[in-house]
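Chains A and B are the protein sequences, given in the same order. Numbering-wise (this note's numbering), the first sequence opens with residue 1 and increments by one. Numbering-wise (this note's numbering), the second sequence opens with residue 1 and increments by one.
A couple of the hints might just be wrong.
A pair counts as met if it fits within one copy or between any two copies, since identical chains are not told apart.
[What the hints assert, rightly or not] Straight line, CA to CA, 30 Å or less: simulated DSBU-like cross-link-like pairs of lysine-lysine:
(1) K14 / K259
(2) K279 / K293
(3) K234 / K293
(4) K258 / K234
(5) K258 / K14
(6) K279 / K76
(7) K23 / K279
(8) K14 / K293
(9) K293 / K258
(10) K279 / K234
(11) K293 / K259
(12) K234 / K76
(13) K14 / K279
(14) K259 / K76
(15) K14 / K234
(16) K76 / K293
(17) K234 / K23
(18) K258 / K76
(19) K23 / K76
(20) K258 / K23
Hint data in this document are derived by calculation from the structure and do not stem from the laboratory.
Number of protein chains: 2
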Amino acid sequence: MKAYDPEQLLAQAKQSNRVALAKLLSIVERGGPPARELARLTWGRGESAYLVGITGSPGAGKSTLTDRLISQVRAKSREVAVIAIDPTSPFSGGAILGDRVRMQEHATDSGVFIRSMATRGHLGGLALAVPDATRVLSAVGFPYVFIETVGVGQVEVEVVGAADTIVVVLTPGWGDAIQANKAGLMEVADLFVINKADREGARETRRDLELMLEMSRFEGWVPPIVETVATEGKGIEEAFEAIESHRQYLERSGVGQKKREARILEELTRIVRAEVYRKVDQLISDPSFEARKAEMMRGEIDPYSLASDLLRLEGD
Amino acid sequence: MKAYDPEQLLAQAKQSNRVALAKLLSIVERGGPPARELARLTWGRGESAYLVGITGSPGAGKSTLTDRLISQVRAKSREVAVIAIDPTSPFSGGAILGDRVRMQEHATDSGVFIRSMATRGHLGGLALAVPDATRVLSAVGFPYVFIETVGVGQVEVEVVGAADTIVVVLTPGWGDAIQANKAGLMEVADLFVINKADREGARETRRDLELMLEMSRFEGWVPPIVETVATEGKGIEEAFEAIESHRQYLERSGVGQKKREARILEELTRIVRAEVYRKVDQLISDPSFEARKAEMMRGEIDPYSLASDLLRLEGD
Chain A
1 MKAYDPEQLL AQAKQSNRVA LAKLLSIVER GGPPARELAR LTWGRGESAY
51 LVGITGSPGA GKSTLTDRLI SQVRAKSREV AVIAIDPTSP FSGGAILGDR
101 VRMQEHATDS GVFIRSMATR GHLGGLALAV PDATRVLSAV GFPYVFIETV
151 GVGQVEVEVV GAADTIVVVL TPGWGDAIQA NKAGLMEVAD LFVINKADRE
201 GARETRRDLE LMLEMSRFEG WVPPIVETVA TEGKGIEEAF EAIESHRQYL
251 ERSGVGQKKR EARILEELTR IVRAEVYRKV DQLISDPSFE ARKAEMMRGE
301 IDPYSLASDL LRLEGD
Chain B
1 MKAYDPEQLL AQAKQSNRVA LAKLLSIVER GGPPARELAR LTWGRGESAY
51 LVGITGSPGA GKSTLTDRLI SQVRAKSREV AVIAIDPTSP FSGGAILGDR
101 VRMQEHATDS GVFIRSMATR GHLGGLALAV PDATRVLSAV GFPYVFIETV
151 GVGQVEVEVV GAADTIVVVL TPGWGDAIQA NKAGLMEVAD LFVINKADRE
201 GARETRRDLE LMLEMSRFEG WVPPIVETVA TEGKGIEEAF EAIESHRQYL
251 ERSGVGQKKR EARILEELTR IVRAEVYRKV DQLISDPSFE ARKAEMMRGE
301 IDPYSLASDL LRLEGD
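Please work from the sequences and hints to get the whole structure.
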């Protein structure tokens with residue numbers, strides 16, 4: 001008897017069993033064969049949830065904004081799931097917890113499902129675990145999934161890159177727009193939100209953004225800039241409407257379908273690479289390889305030549 | 001006739017020909033067969049330069065600090081090379097240029113060689129290009145190489161991870177210590193420098209650091225904290241002495257040798273992975289694979305199963 005049978009849990013989760021859903025997401029996090037079975041079960045099954053990625057520098061108020069956007073979805077009587085991502089070291093667990101607690105005003109609303117995600121054993125890390133998780137949430141019937149990152153690094157950009165609409169949240173001043181640009185967020189943003197827009201420097205931040213947008217070239221869709229004060233609920237409707245406009249643009253233009261296909265290919269590439277990583281690590285740590293490693297350490301063979309030898313061997 | 005013969009250029013560079021050296025580093029950046037030939041030529045040849053990694057958040061004054069540390073090395077009549085790393089988008093070129101210009105007070109000193117590095121074609125990116133570059137600089141005879149990063153992301157952490165002594169530069173206030181922790185710098189730091197220590201908040205930053213250090217466990221070497229005001233040259237001697245102390249610790253304890261060996265293995269792993277990446281990308285973009293991809297897009301096969309098929313094929 002399997003204690004955690006993905007198929008059975010999935011059937012239960014479809015009946016709005018949130019405990020079963022939480023268990024499914026733990027399976028995704030842990031990775032391994034059960035996660036793969038789950039991926040097979042949820043692949044290409046029915047309508048996909050609309051994915052909204054929310055990223056930006058720490059302290060930009062992403063959680064509060066997400067919180068308010070949840071209310072927008074709920075006002076339309078639609079259900080929504082939130083995946084909160086923090087790939088940084090265990091030290092920062094406190095921050096996430098604090099953020100999550102703020103969102104607990106939706107805790108008693110059965111139409112809202114909130115989950116923090118970290119990588120545990122998932123092959124390929126969060127960049128693969130998150131798409132797997134969103135497919136579980138799609139299969140269960142959520143029409144919206146929000147993917148919120150805590151920080152703004154390479155992993156976060158990769159993770160939100162899997163969303164249909166990517167919201168980049170900035171705050172006035174302190175070169176936030178420039179930091180976002182450095183982090184590669186300008187290229188992926190579909191919508192900019194300047195949160196805490198009642199603070200000094202909001203106009204300058206907007207100007208910085210507009211300048212950077214002018215320097216970039218966009219085809220079809222130019223990311224709008226929306227100003228919000230999430231703590232007071234200001235500008236939230238506009239932000240949600242901008243997300244919906246982008247969605248309509250993606251559907252109307254066919255760009256959405258193309259982007260989804262590109263993402264699937266990207267995911268396939270990541271999976272294959274992750275598999276290969278595992279194989280290579282096995283190979284390199286194999287005892288039969290010790291003598292060659294010692295040669296390399298003594299400077300008798302360089303790592304490029306040894307890598308070639310290793311791959312030739314593997315190909316045999 | 002080869003316009004850029006690595007062997008010939010290397011011989012010239014050893015004769016203090018800086019133009020030849022610059023060409024060699026361009027070969028490293030461009031990657032491909034000439035870079036591999038160069039890696040073979042410089043592997044395990046003679047004494048290795050002592051590598052000092054300097055990282056920290058943008059605006060922490062890393063360039064000024066590096067500049068002052070250069071003077072410390074020069075005061076001992078030793079030569080030094082600096083590699084400045086900026087893996088972010090081409091937009092940020094301006095910042096690097098500005099930083100480099102500041103270091104130009106050493107421009108006329110033939111004992112100092114400064115070079116900005118970006119990835120162009122190098123397989124495996126900066127994480128592989130930088131060790132290759134440091135070996136060129138070692139082979140040419142530099143006793144010290146400083147590796148300075150502009151930002152502080154995953155790539156930067158990987159790159160400075162190749163150094164013998166890793167200096168993490170922070171500034172007072174604004175949660176700099178917490179940011180450094182998030183970026184994974186606490187685990188890699190051998191020395192903390194609180195620069196701009198004449199500013200308000202220096203004591204708090206030191207306290208934050210000390211607290212975080214207490215929460216971590218160190219064996220043998222506990223990273224010291226040095227306060228500097230680089231623009232005024234304050235604390236620089238102490239910082240350099242701390243680097244030298246760490247060096248002595250590494251040599252005395254044998255930890256240095258172990259770390260170097262671990263790095264070489266890490267590099268081998270990266271090289272093998274990068275090679276395999278290239279192969280996998282070829283495989284996935286091969287026209288013969290189109291039909292399977294279409295199946296996946298239609299939801300008939302999930303990417304995990306397809307990846308398995310692909311790798312089985314590759315093994316044949």
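Since the copies are identical, ignore which copy is meant and state whether K23 and K76 lie within 30 Å (CA to CA) inside a copy, between copies, both or neither. within (28 Å within a copy, 62 Å between copies)
How do K234 and K23 come out at 30 Å by Cα distance, when the copy is not named: within, between, both, or neither? Neither. Shortest intra-copy (36 Å) and inter-copy (56 Å) distances fail the 30 Å Cα cut-off.
Quick one: K259 to K76, C-alpha cut-off 30 Å, is that within a copy, between copies, both, or neither? within (26 Å within a copy, 58 Å between copies)
Give the relationship of K14 and K279 under a CA distance limit of 30 Å: within one copy only, between copies only, both, or neither. neither (36 Å within a copy, 40 Å between copies)
Alpha-carbon proximity context of K258 and K23, limit 30 Å: Neither: 32 Å inside a copy, 42 Å across copies.
Could you figure out if K279 and K234 sit no more than 30 Å apart (CA to CA) within one copy, between two copies, both or neither? neither (52 Å within a copy, 51 Å between copies)
Is it within, between, both, or neither for K14 and K259, if the alpha carbons may be no more than 30 Å apart? within (27 Å within a copy, 51 Å between copies)
Give the relationship of K258 and K14 under a CA distance limit of 30 Å: within one copy only, between copies only, both, or neither. within (29 Å within a copy, 53 Å between copies)
Indicate which option fits the pair K76, K293 if close means a Cα-Cα distance not exceeding 30 Å: within, between, both or neither. neither (62 Å within a copy, 37 Å between copies)
Within, between, both or neither, where K293 and K258 count as close if Cα-Cα is 30 Å or less: between (45 Å within a copy, 14 Å between copies)
Intra- versus inter-copy proximity for K293 and K14 (alpha-carbon distance at most 30 Å): between (52 Å within a copy, 29 Å between copies)
Within, between, both or neither: how does the pair K258, K76 come out at a Cα-Cα threshold of 30 Å? within (28 Å within a copy, 60 Å between copies)
Hints 3, 4, 6, 10, 13, 15, 16, 17, 20 from the earlier list are contradicted by this structure; the remaining hints agree with it.
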